[in-house]
Amino acid sequence: MDASLLTVQPASPEPIYRQIVEQLRRLIAGGQLGAGDALPSVREVAGFHAINPMTVSRAYSLAETEGLLERLRGKGMVVANTSRSSQTEARRLALLEPSLQALVRQTRELELPAGLVLRRLTTLLGEDQ
Amino acid sequence: MSAVRQAREVTAIAPLAVRGLVHCYEGSNVLTGLDLTVQQGSVLGLIGRNGAGKSTLIRAMLGLLQPLSGSAFVFGEPALKLGDRNKERLAYVPQQPEALAWLTAQQMLDYVGRFYPRWDQAFASRTLERWQIQPNKLLAKLSPGERQRVDLIRALASQPELLVLDEPAAALDPVARRELLREIALRAGESGTTVLFSTHIVSDLERVASEVAFLHEGKLLMQCTVDETKERYGRLWLPGQIGYAAPAHSLSRRRHDDGSLSLVVERDAQGRWPEAASLPGARVDALGLEDLFVEIAE
Numbered sequence: 000m001d002a003s004l005l006t007v008q009p010a011s012p013e014p015i016y017r018q019i020v021e022q023l024r025r026l027i028a029g030g031q032l033g034a035g036d037a038l039p040s041v042r043e044v045a046g047f048h049a050i051n052p053m054t055v056s057r058a059y060s061l062a063e064t065e066g067l068l069e070r071l072r073g074k075g076m077v078v079a080n081t082s083r084s085s086q087t088e089a090r091r092l093a094l095l096e097p098s099l100q101a102l103v104r105q106t107r108e109l110e111l112p113a114g115l116v117l118r119r120l121t122t123l124l125g126e127d128q
Numbered sequence: 000m001s002a003v004r005q006a007r008e009v010t011a012i013a014p015l016a017v018r019g020l021v022h023c024y025e026g027s028n029v030l031t032g033l034d035l036t037v038q039q040g041s042v043l044g045l046i047g048r049n050g051a052g053k054s055t056l057i058r059a060m061l062g063l064l065q066p067l068s069g070s071a072f073v074f075g076e077p078a079l080k081l082g083d084r085n086k087e088r089l090a091y092v093p094q095q096p097e098a099l100a101w102l103t104a105q106q107m108l109d110y111v112g113r114f115y116p117r118w119d120q121a122f123a124s125r126t127l128e129r130w131q132i133q134p135n136k137l138l139a140k141l142s143p144g145e146r147q148r149v150d151l152i153r154a155l156a157s158q159p160e161l162l163v164l165d166e167p168a169a170a171l172d173p174v175a176r177r178e179l180l181r182e183i184a185l186r187a188g189e190s191g192t193t194v195l196f197s198t199h200i201v202s203d204l205e206r207v208a209s210e211v212a213f214l215h216e217g218k219l220l221m222q223c224t225v226d227e228t229k230e231r232y233g234r235l236w237l238p239g240q241i242g243y244a245a246p247a248h249s250l251s252r253r254r255h256d257d258g259s260l261s262l263v264v265e266r267d268a269q270g271r272w273p274e275a276a277s278l279p280g281a282r283v284d285a286l287g288l289e290d291l292f293v294e295i296a297e
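Residue numbers (numbering that gives the first Met the number 0), protein chains in the order written: chain R, 0 to 128; chain L, 0 to 297.
Be a bit skeptical, because a hint or two may be false.
[Said to hold, decoys possible] Label-pair restraints from in silico Cβ distances:
1) GLY66(R) to ASP267(L): 25 to 33 Å
2) PRO246(L) to SER40(R): 38 to 46 Å
3) GLN31(R) to VAL174(L): 24 to 32 Å
4) LEU95(R) to GLU230(L): 48 to 56 Å
5) ALA34(R) to GLY69(L): 51 to 59 Å
6) ARG254(L) to SER98(R): 51 to 59 Å
7) THR122(R) to ASP257(L): 34 to 42 Å
8) GLN133(L) to LEU123(R): 52 to 60 Å
9) LEU71(R) to ARG254(L): 54 to 62 Å
10) GLU96(R) to ASP257(L): 29 to 37 Å
11) ARG72(R) to GLN133(L): 47 to 55 Å
12) LYS136(L) to THR6(R): 19 to 27 Å
13) THR122(R) to ARG254(L): 53 to 61 Å
[Stated by the list, open to error] Stretch-level coverage of chain L by chain R, calculated; a stretch enters the list once three of its residues show a Cβ under 8 Å from a Cβ in chain R:
14) 90-97
15) 207-214
16) 220-234
17) 286-297
Treat the hints as calculated values from the structure; they're not laboratory data.
A quick note: this is a predicted structure, and the numbers were derived from the prediction, not measured.
Backbone N, C-alpha and C define an ideal beta-carbon position, used for all residues, glycine too.
Using the sequences provided together with the hints, build the complete structure.
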């Protein structure tokens, strides 16, 4: 994997280390990163994005604790063996939760009927397949 | 251990520490009793509005101006009587460098390089070219931005243990700015360089800083890690009819024309927002550093 695969938005209210973990989670859940794939070193990520290396270390450690990554001697961080299989449908759905919550909030703010939004969502999901 | 001894030990190891700093210009208070410590290896970003006193604070921290009262220490040594040995360990880039204007950029770098035991000549030459400075032009003839770029090269090439930059971003285009941030980030991470920089470009700070300090009306409003700041503070919005439930303690409070209220609130030790946040109609929004700063500095 290349450091440019990650995107960092420093001005977002979400801390950068969380942005990184979130993207790793998606890349792994979506299959773009497979078990055993090597991650770029802390230095590469920090250098490419001009961010503090401690932020990258923190992201990697959190991802390791969550079982997404494992530290291999001599190879650095790689995608953990178990990570893809442990991504049950329920867990992948949980990744969508923040976006769904935001959608619900905006639907209420706009005072739109739920049925209308659901129909549109169904169409969008259908088109995508 | 007594509190006094403890305080002394802390200042002895921190690259920068100031206590009770007070300063004023022509009757207007700039610093009003300010305490700040920059620990070894940390990258502290100092934000403040124009005229908030960022440059004054930096100069006082380094012993370049004598404050009305209060004390400043650099590597544990009183900043006003800093010895050569500790001077070698630090590099400071002012907003408008003026020293050695009668030399060319190349001559200046060759000259000052001799004073630094760890001078990186290759870095100096390489960066002079990358940052498009004509090496044989007199410093006096360079634009203020170019002058500051040369001074940044001087500071970085000396491989300091403590790097202090006053508004470094102003002189750089986006590409060079990113390069500077990369240098700061990697040096802090790999060599343990301590960095203090002031800026009004908050996203620069969010990239590389490990800590942020808000300077406002002569005081530090807060000093904590960038991540913690983002996770701990939020904007609570309450519609007018439940405005009465607003928590008594908040960092800022604004009433809008429609009667609704915006407050900057803080999570408690258990990570919960104030009770009012769970009332129907209430809403908590996460805040980026820039929004947070604007909310509390207004």
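Going through the hints against the structure:
no.	hint	verdict
1	GLY66(R) to ASP267(L): 25 to 33 Å	holds, 30 Å
2	PRO246(L) to SER40(R): 38 to 46 Å	holds, 45 Å
3	GLN31(R) to VAL174(L): 24 to 32 Å	holds, 29 Å
4	LEU95(R) to GLU230(L): 48 to 56 Å	violated, 22 Å
5	ALA34(R) to GLY69(L): 51 to 59 Å	holds, 57 Å
6	ARG254(L) to SER98(R): 51 to 59 Å	violated, 32 Å
7	THR122(R) to ASP257(L): 34 to 42 Å	holds, 36 Å
8	GLN133(L) to LEU123(R): 52 to 60 Å	holds, 56 Å
9	LEU71(R) to ARG254(L): 54 to 62 Å	holds, 57 Å
10	GLU96(R) to ASP257(L): 29 to 37 Å	holds, 31 Å
11	ARG72(R) to GLN133(L): 47 to 55 Å	holds, 50 Å
12	LYS136(L) to THR6(R): 19 to 27 Å	violated, 39 Å
13	THR122(R) to ARG254(L): 53 to 61 Å	violated, 43 Å
14	90-97	violated (count 0)
15	207-214	holds (count 3)
16	220-234	holds (count 4)
17	286-297	holds (count 5)
The earlier numbered hints that this structure contradicts are 4, 6, 12, 13 and 14.
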